Structure formats: structure tokens, C-alpha cells
Amino acid sequence: MNPANGTAGDKWNLRLYTAGQSPKSLAALDNLKRMCEQHLPGRYTIEVVDLLKNPRLAKDDQIVAIPTLVRKLPEPLRRIVGDLSDTERALVGMQLKQQK
Amino acid sequence: MEPISSDFEKELESLREKLAEAEDVRRAITRGEVDAFVVGPGGSGRVLLLANAYQRYRQLVERMQQGAVTATANGHILFANQRFSEMLGVPLAQLYTAPLESYVSVSDRARLSAFLMVSARDSHIEVELNRRDGANIPARLSLASFADGYASLLVTDLRPMQWPSVAVDALDSIRTSLEKLNHSLAGDTPGRDALRSISDEINGLARMIDEMIDVEGRAERKGSL
Chain W
115 MNPANGTAGD KWNLRLYTAG QSPKSLAALD NLKRMCEQHL PGRYTIEVVD
165 LLKNPRLAKD DQIVAIPTLV RKLPEPLRRI VGDLSDTERA LVGMQLKQQK
Chain A
90 MEPISSDFEK ELESLREKLA EAEDVRRAIT RGEVDAFVVG PGGSGRVLLL
140 ANAYQRYRQL VERMQQGAVT ATANGHILFA NQRFSEMLGV PLAQLYTAPL
190 ESYVSVSDRA RLSAFLMVSA RDSHIEVELN RRDGANIPAR LSLASFADGY
240 ASLLVTDLRP MQWPSVAVDA LDSIRTSLEK LNHSLAGDTP GRDALRSISD
290 EINGLARMID EMIDVEGRAE RKGSL
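Chains as they are written, first to last, in the working numbering: chain W, 115 to 214; chain A, 90 to 314.
The hints are simulated quantities; they were obtained by calculation from the structure and are not laboratory data.
Everything numeric in this text was worked out from a predicted model, so none of it was measured.
Check each hint, because a few of them may be wrong.
Which residues of chain W face chain A? A partial, calculated answer using Cβ under 10 Å [stated by the list, open to error]: (1) Thr132; (2) Leu146; (3) Met149; (4) Val162; (5) Ile194; (6) Asp197.
Even for Gly, the Cβ is constructed at its ideal location relative to N, Cα and C.
Please put together the full structure from these sequences, using the hints given.
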């Protein structure tokens, strides 16, 4: 793990911004759950924020496109836009993997 | 050459981050990885979906009286409506990514798993749902659609369908008590008259319930054709 991203025991706090059950939102949540189970078992929480229910919450993390994943913890905050179908890119974006 | 000031370095780093974020949004859009956008200034943002009809469909699902769940083939909940949350007595936020089987009686879990794996359209199973308060609810899970590897289920609370038979049992029990009372009131004419009028009311209720059962039975037979 990259030392800039905390220690192996850190709790990961992830927030996924979705638009109800739009196809890309469902895919993002499915992909995220799978990645977390594989790389962060027992050390993560996923908060799903449905922007169709409360679009004002988009302001908090400056969301423009949906789905967007925000890594709140460990710091620094990271944003990844898209359905996380490109696992390599998503893992690099979350800093769970070093860029080649 | 003059040394680069730390303020300049910070500004440069901030610009690089902003550029990377903008590039990430552009890349996600061009690859078709997003299907909604937040538009509008500041806190007044609105969400625009790429598919216009979707929002109407969603409102329908949110407000209907049946539970609705979308789950992966291995049973993780990706979406649930408010009604399903109420049926279980579990906040909606806790349902996301939770295994659906954790809210189903242990004895029904293997059948649920097989049901989700087979995922034949229009199929259904009946299971006991476990509410958070410990109560069990008999429910029917009907597969509404299966697309992109996700099963969309309609969840019907079967308790209201059992109420007529519960009422019939209750009326039978009242009738038995009334008969006993009738024997003990031998010679008490006003008492027996009062009892007869209660008995008439009970028989009227029984006829109404019979009609309800008959109507439901016909509807069910029609639905299964």
C-alpha cells in the first residue's frame, strides 16, 4: 500500500453518489462492493447518496457526473467518476494500487 | 533562473489536480460510464438523467405498495424502495449492499439462492422475511426482470391475504361461545333475543368474508391462467 494512504489497518470511508437505480449507478455499486470485498475486507464502509432524492448533496463533494465515488478516508480525498468498470483504473484512483 | 516560490508550486499543484479531475470527467463521459449529470448553480443543483422516462418509472416504484428490490445474482441488494424498508423495519441506507438472505428465514435461504441463480422471468417463491423487531412476515418474491446480471424483484406482503381465514376462525370461535351462552340463558327471553341479534350480525359478517374469499380466489385463478 502507498504510505501516503494510511496504514493497512485504516478504515476506509467511501461515498458513492448515485442517481436512483440508473444502470450505471447499479453497476458502480456492484463493482465497488466487489473491489472492497477483495481488497479491503472488513475495513470499509460504503455510503450511498442518491442524488435523485436530494440533489443538493451534490454540492458537498462538487459532483457533476453520476456515478461518482468519493474516498473520504483515508485522506487525501479522492474522486473517481464513472461506473468503476475499469477495475485497474478504479484501484489506481482509489490509491489501492500504484500506477504502472 | 529565479527559484520557484512555494506559493507558485502550490498553485501549480492545485491546477494539476483540477485538470486531472476535469480529464477524469471527460474520460468517463466519452467511455459512456455515466448516465446522469448534476446541473445548475451551487446548492440549487438538479439531476439530469440521460433516459427521460426513467424518473417517472422510479417514482412509480418508490410510491407503490409493494416492496421492490434489485439484487445481484449472488443476492446483494443494490436498490430497494421505501416500502421494502418499511416491511423489514430497517432503514433504507442499511439495505444497500446487504445480502438479501440476511432478511430471510434461515430455512428459506437455500431456495432464495437457487431462485436468484436461475432467475426465470415471472417466477416467484414464498419466503418468511425477518423483520428487525424479530417478527416474521410471509412474503412472495416475484422476479419482475433480469437484465445486466441484476434481478429486479417485487415483494408482496402475504399477511393481508391471510386475514380472511383468520377472521373466519375468529367468527367460528365466537359462534361456539354464543351457543354455550344460549344454553345457559334457558328461560331468559330478553337475553336470548339479544343473543339472536348478535348471532345475525355474526352471520352477516361471515357472508361478507365468504364473498371476499370467493372474489380473491377467482382473481388468483385468473392470474394463474
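Against the structure, the hints come out as follows:
1. Thr132: holds, 8 Å
2. Leu146: Since chain A brings a Cβ to about 8 Å from W:Leu146, closer than 10 Å, the hint holds.
3. Met149: violated, 12 Å
4. Val162: OK, holds: W:Val162 within 10 Å of chain A, min 5 Å.
5. Ile194: holds, 7 Å
6. Asp197: Because about 5 Å separates W:Asp197 from the closest Cβ in chain A, which is inside the 10 Å limit, the hint holds.
When held up to the earlier numbered hints, the structure conflicts with hint 3 and nothing else.
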